[in-house]
Amino acid sequence: MRWRESQVDGGASSEQYIAVKYMERILDREMKKGSAELVVLALVEHRARHGYEMSQVIEERSEGAVRFRVASLYPLLYRLEKRGWVTGRWVEKAGQRRRRYYRITPAGRKVLAQQRSGWERFVGAINRIVEA
Amino acid sequence: MRNWTSEVRDRLARLEIPPTRHAAIAEEVGQHLEDRYTTLVARGMRPESADRAVLQELSDSDVLAREVQRIVPHREPDPDTLGGGGRRSWLEALWQDLRYATRTLRRTPGFTAMAIVTLALGAGATTAIFTIINTIVLRPLPFAEPDRLVRLWESNPEKGWPEFSASHPTFLDWRARSRSFERVAAQTPAGFTLTSAGDPEIIRANAVTEDFLPVLGVTPALGRNFTAEEDRPGGRTTVAIVTHRFWQRRLGSNPGVVGTTLTLDNQPFEVIGVLPESFAWGGDRLDLLVPLAPDPARSRADHRLLVIGRLAPGGTLEQARSEMNGIASQIAHDFPASNQGWSVRLSSFYDWLIPQPTRDSLRILMTAVALVLLIACGNVASLMLARGASRQKEISVRVALGAERSRILWQLLVEAMLIALIAGAIGVGIASVSTRLLVAAGPAAGLPRVDEISLDVRVFLFAFATAVLSGVFFGLVPALQASRPQLAGALKEGSRGDSGGAARQRLRSTLVVAEVALSVALLIGAGLLIRSFARLQHVQPGFDVERLLTMRVNLPRTTYRTGPEMRTFYQRLLPELATAPGVRAVATSSGVPLGPGGASTELSIPGYTPSAGVPVSANWYLVSPGYFAAMNIPLRGRDFDDRDVPKPDGSALPVTIISETMARRYWPGVDPIGKTVAISSFGGQTCTIIGVAGDVRNFGLDAELGPMLYGSAMVFSGWNPMNLVLRSALENPQSHVEAIRGAIRKLDPKVPIYDVNEVADLLSTSLGPRRFNMYLLTCFAAIALTLASVGLFGVLAYLVSQRTRDIGIRLALGAARTDILRLILGQGMMLALTGAALGVIVAFSAANTIENLVFSVSPRDPLTFIAVPAVLLGIALIACYLPARRAMSVDPLVALRSE
Numbered sequence: 001m002r003w004r005e006s007q008v009d010g011g012a013s014s015e016q017y018i019a020v021k022y023m024e025r026i027l028d029r030e031m032k033k034g035s036a037e038l039v040v041l042a043l044v045e046h047r048a049r050h051g052y053e054m055s056q057v058i059e060e061r062s063e064g065a066v067r068f069r070v071a072s073l074y075p076l077l078y079r080l081e082k083r084g085w086v087t088g089r090w091v092e093k094a095g096q097r098r099r100r101y102y103r104i105t106p107a108g109r110k111v112l113a114q115q116r117s118g119w120e121r122f123v124g125a126i127n128r129i130v131e132a
Numbered sequence: 001m002r003n004w005t006s007e008v009r010d011r012l013a014r015l016e017i018p019p020t021r022h023a024a025i026a027e028e029v030g031q032h033l034e035d036r037y038t039t040l041v042a043r044g045m046r047p048e049s050a051d052r053a054v055l056q057e058l059s060d061s062d063v064l065a066r067e068v069q070r071i072v073p074h075r076e077p078d079p080d081t082l083g084g085g086g087r088r089s090w091l092e093a094l095w096q097d098l099r100y101a102t103r104t105l106r107r108t109p110g111f112t113a114m115a116i117v118t119l120a121l122g123a124g125a126t127t128a129i130f131t132i133i134n135t136i137v138l139r140p141l142p143f144a145e146p147d148r149l150v151r152l153w154e155s156n157p158e159k160g161w162p163e164f165s166a167s168h169p170t171f172l173d174w175r176a177r178s179r180s181f182e183r184v185a186a187q188t189p190a191g192f193t194l195t196s197a198g199d200p201e202i203i204r205a206n207a208v209t210e211d212f213l214p215v216l217g218v219t220p221a222l223g224r225n226f227t228a229e230e231d232r233p234g235g236r237t238t239v240a241i242v243t244h245r246f247w248q249r250r251l252g253s254n255p256g257v258v259g260t261t262l263t264l265d266n267q268p269f270e271v272i273g274v275l276p277e278s279f280a281w282g283g284d285r286l287d288l289l290v291p292l293a294p295d296p297a298r299s300r301a302d303h304r305l306l307v308i309g310r311l312a313p314g315g316t317l318e319q320a321r322s323e324m325n326g327i328a329s330q331i332a333h334d335f336p337a338s339n340q341g342w343s344v345r346l347s348s349f350y351d352w353l354i355p356q357p358t359r360d361s362l363r364i365l366m367t368a369v370a371l372v373l374l375i376a377c378g379n380v381a382s383l384m385l386a387r388g389a390s391r392q393k394e395i396s397v398r399v400a401l402g403a404e405r406s407r408i409l410w411q412l413l414v415e416a417m418l419i420a421l422i423a424g425a426i427g428v429g430i431a432s433v434s435t436r437l438l439v440a441a442g443p444a445a446g447l448p449r450v451d452e453i454s455l456d457v458r459v460f461l462f463a464f465a466t467a468v469l470s471g472v473f474f475g476l477v478p479a480l481q482a483s484r485p486q487l488a489g490a491l492k493e494g495s496r497g498d499s500g501g502a503a504r505q506r507l508r509s510t511l512v513v514a515e516v517a518l519s520v521a522l523l524i525g526a527g528l529l530i531r532s533f534a535r536l537q538h539v540q541p542g543f544d545v546e547r548l549l550t551m552r553v554n555l556p557r558t559t560y561r562t563g564p565e566m567r568t569f570y571q572r573l574l575p576e577l578a579t580a581p582g583v584r585a586v587a588t589s590s591g592v593p594l595g596p597g598g599a600s601t602e603l604s605i606p607g608y609t610p611s612a613g614v615p616v617s618a619n620w621y622l623v624s625p626g627y628f629a630a631m632n633i634p635l636r637g638r639d640f641d642d643r644d645v646p647k648p649d650g651s652a653l654p655v656t657i658i659s660e661t662m663a664r665r666y667w668p669g670v671d672p673i674g675k676t677v678a679i680s681s682f683g684g685q686t687c688t689i690i691g692v693a694g695d696v697r698n699f700g701l702d703a704e705l706g707p708m709l710y711g712s713a714m715v716f717s718g719w720n721p722m723n724l725v726l727r728s729a730l731e732n733p734q735s736h737v738e739a740i741r742g743a744i745r746k747l748d749p750k751v752p753i754y755d756v757n758e759v760a761d762l763l764s765t766s767l768g769p770r771r772f773n774m775y776l777l778t779c780f781a782a783i784a785l786t787l788a789s790v791g792l793f794g795v796l797a798y799l800v801s802q803r804t805r806d807i808g809i810r811l812a813l814g815a816a817r818t819d820i821l822r823l824i825l826g827q828g829m830m831l832a833l834t835g836a837a838l839g840v841i842v843a844f845s846a847a848n849t850i851e852n853l854v855f856s857v858s859p860r861d862p863l864t865f866i867a868v869p870a871v872l873l874g875i876a877l878i879a880c881y882l883p884a885r886r887a888m889s890v891d892p893l894v895a896l897r898s899e
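If you read the protein sequences in the order shown, they are chains R and L. Under the working numbering, think of the first position of the first sequence as 1, with each following residue one higher. Under the working numbering, think of the first position of the second sequence as 1, with each following residue one higher.
If you are wondering where the hints come from, they were derived from the structure by calculation, not from laboratory data. Some hints here could point you the wrong way.
To be verified - To give an idea of the interface, some chain R residues facing chain L are shown, with a C-beta separation under 8 Å as derived from the structure:
| hint | residue |
| --- | --- |
| 1 | Arg49 |
| 2 | Arg61 |
| 3 | Gly64 |
| 4 | Ala65 |
| 5 | Phe68 |
| 6 | Arg69 |
| 7 | Tyr74 |
| 8 | Arg89 |
| 9 | Arg99 |
| 10 | Tyr101 |
| 11 | Arg103 |
Unchecked claim - Simulated restraints on C-beta separations:
| hint | chain 1 | residue 1 | chain 2 | residue 2 | range |
| --- | --- | --- | --- | --- | --- |
| 12 | R | Val123 | L | Ser390 | 52 to 62 Å |
| 13 | L | Ser801 | R | Thr87 | 23 to 33 Å |
| 14 | R | Val123 | L | Thr20 | 49 to 59 Å |
| 15 | L | Thr20 | R | Val57 | 47 to 57 Å |
Stated by the list, open to error - Listed below are the simulated EDC-like cross-link pairs for lysine to aspartate or glutamate, each with C-alpha atoms no more than 20 Å apart in a straight line:
| hint | chain 1 | residue 1 | chain 2 | residue 2 |
| --- | --- | --- | --- | --- |
| 16 | R | Lys93 | L | Glu34 |
| 17 | R | Lys82 | L | Glu67 |
| 18 | R | Lys82 | L | Glu404 |
| 19 | L | Lys750 | L | Glu738 |
Ideal placement from N, C-alpha and C gives every residue a C-beta, glycine not left out.
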């Protein structure tokens, strides 16, 4: 995706830093518009995950560019749960503390499909503008 | 390592969420932070730096708290401060709402008392009237399968007798030929003198056929019913079945009474049975039943049997009617001399016993009382609206704290229901007391089945339903209004809680207009009945009512077999009584005004051509000489006297006296004295008219005046029992009774007197049903008027209190106090005028429903339609003046400073 291209390995110039910050702000806004929901739904699409796992995966896949703070992640999870798009369940595994795993519901799957195609149309459109 | 879970817990401490959820969130988020810390340290970060970095993560914990609070349902709130609710059972919620409602209502005792009293009045009156209707109209008649019971009459509409008693042979034909009835029975009243023990007593008996008790579905509690052998002419007819009351009163509840003997009219009668206590025929004055023994040899022109039947199983009244019509025309064909023109008429017991006028007037009373209830509801709704306004802030706080609108709506409805149910319970109490009063007035009101009236399950269900419905009615609109607050305005300190105030005020005004309209309609109804009653009291009965005593004298048939024997008795008795101290005049008559004993006859008048279908007939009495003087009935011509009494040679001048109406109808413009008329009931004799008497309202003040004629009791002397009429000079005419009894005892100790009445009382009793309707309707109208006035007052008082500041500004800007008065009065009177106008329209269009209850007043009587709204507007003016005066005395400085 486009914003990956602003990533730099190693030390960052101030210019690059500004770019990243800027992207974070955009992302922040986009999240509020629903892309955050898209991200979470996509993460639990194929397997149940707990909150920290989700934040790790997001950080890894975005190579550190996107991070969810607990203040946005958990309210988001609770909201999705309240809407019936995901369900959360405490799971205990031998030798481990219990963790709350979230999995997608059929209703969540429908929403995910819609949001995914909407997002792709949006990004495609932005790309066509920027790359022209 | 820091305890991240407790770190999170502390930061979310202020969350209003269920504790278990709170702990779970702290655990989940704490775990996340711990994992993060571990990861950072594992990546080589120093513990202090890792700790700082993770702590950074919690820097916007207030966002976390806010977001969680928005998503996670609230903690179960304190009911006094919050309106929200978690996942509780509805019963729990209801209980909580009820407790909350009780607390809230207790905080405003004035409002609560006012609302409950208003509603209890409405519900009580409604339930009382319903109790009566429930018993009289709705409860099944006290007979087995009452739907199958039918009343049968002979009918001759052409002669003006659509429902007439049946003759013995016709009854026997009906009974023998009909197939649609399981049984047909007949009865006729019979009087006996009981001389078994103590004073001779007049016994009220019914002569009945053997089928009579089976038709009603009654079996004797002791002994047996009559047999066919006992119920035929020449059979062993001297047997009797006594009523439960008579058995207790005269026979000492003797269980071995069957087989004993009673002496009736000097003849021994064997008691063969005792009726059950529940036997509900003939009222509580019936003493015993004897066999009727219907006689096929009696004249078909002699109509005296009351006939009843029980439909065959599955049969309908319509089938019976068509079959009986066929039988009746067959009889008319077979016996043209007696039965030409006679057919049969059937009606259900229900239609016969609960006549249409009774049902009509009860329906009108029920409507009236329902209107009172509506007005009461309107008033309480208005109170609730005003209260909703002052509770605006409380409701806004609850909404701000997250209460849902439906929850607040429900809470307000529960409050309304609580008021309604308390009022309903008090209403049942009021109903129980007022029903007792109504029952006491019932016999005078001419209501049937009054002795059966009682509260039952249906009444309680009715009261409950009334309460719930009125609760919804007066609670819903104010609740909808109040649960829609506009937070910002209402929460501001010092605000009047006035958001939506205009709409609320409009609603209250509409309610008041409706209340005034309904009150005016009710008042007009009551006004019409009052006017009718006043008119009725001014109707001249045609004779002097004061100090006039009547009683009946029954000459035992075994001693007085012939007319002349009876005449001799009275010829000896009357002079005896006339000279008694305090007696002005005394006479006998076969009938007395408003009492029993009337009869009617066909006439044949030389030279008079009747119009088709209109019978030439008259009612008649047999009276002794001196009757007109004793009654103070004006008389032209001469009274009956000795000239009319049969001479030893058997001859007498057949003469008659007629009424003014009869003279006008059949001899218009001619003096009828000296003319002749042939009278069927006097054996078809042609009589010479010797006098014209003033019209007398014999059948009630509100009855039509019809033609009336009089024969001499000295000539036609076989009528028994006769009425004695006595004009007294004494203040208390009843004091003559003992002297009369003594005089009669001197002549014959076995002759009883009974039915002693002052005619003034009879007259008053005859007005009973009208008085009953008038009092009740007036009472309802008065309650309605009071409620409507209170409603009007309330709305204006509230308006003034809301506009104190506005009025203050006007005054400060130089408005005269009279302008303020005019402003407030104008607003109030506008509502009253609108309501009054609507009420007049309603009353005008509903006038037909009251037509049967009014007398000599049009149901659209202009005077009533003008006077009633005028009175109401006068009262409305007072109700408006009080708040207006308060508005006028507003001190502008105080008013402006108050906010």
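- request: May I ask you to test the hint 49 to 59 Å on the CB atoms belonging to valine 123 of chain R and threonine 20 of chain L?
  value: Because 42 Å falls outside the window, the suggested range is violated.
Hint check, tyrosine 74 of chain R versus chain L [nearest Cβ-Cβ separation less than 8 Å]: holds, 6 Å
message: So if I understand the rule, the pair passes when the alpha-carbon distance is 20 Å or less; does lysine 82 of chain R with glutamate 404 of chain L pass?
response: holds, 17 Å
message: Quick check: does the Cβ-Cβ distance between serine 801 of chain L and threonine 87 of chain R fall within 23 to 33 Å?
response: violated, 56 Å
query: Should the interface hint for arginine 89 of chain R be scored as holding, given a Cβ-Cβ cut-off of 8 Å against chain L?
result: violated, 11 Å
message: Tell me if the interface restraint on alanine 65 of chain R is satisfied: Cβ within less than 8 Å of some Cβ in chain L.
response: violated, 17 Å
- prompt: Measuring from beta carbon to beta carbon, are valine 123 of chain R and serine 390 of chain L in 52 to 62 Å?
  reply: Because 57 Å falls inside the window, the suggested range holds.
query: Holds or violated: lysine 82 of chain R with glutamate 67 of chain L, Cα cutoff 20 Å?
result: holds, 13 Å
task: Using 8 Å as the Cβ threshold, decide whether phenylalanine 68 of chain R counts as touching chain L.
output: Because about 10 Å separates phenylalanine 68 of chain R from the closest Cβ in chain L, which is outside the 8 Å limit, the hint is violated.
- prompt: Close enough to count: is the Cβ of arginine 103 of chain R nearer than 8 Å to one in chain L?
  reply: Violated: closest Cβ of chain L sits about 15 Å from arginine 103 of chain R, beyond 8 Å.
message: Holds or violated: lysine 93 of chain R and glutamate 34 of chain L, Cα atoms, limit 20 Å.
response: Roughly 18 Å separates the two Cα atoms, so the pair holds.
Status of the glycine 64 of chain R interface restraint (C-beta, 8 Å, chain L): violated, 12 Å
Going through the hint list in order, the structure does not satisfy hints 1, 2, 3, 4, 5, 8, 10, 11, 13, 14 and 15.
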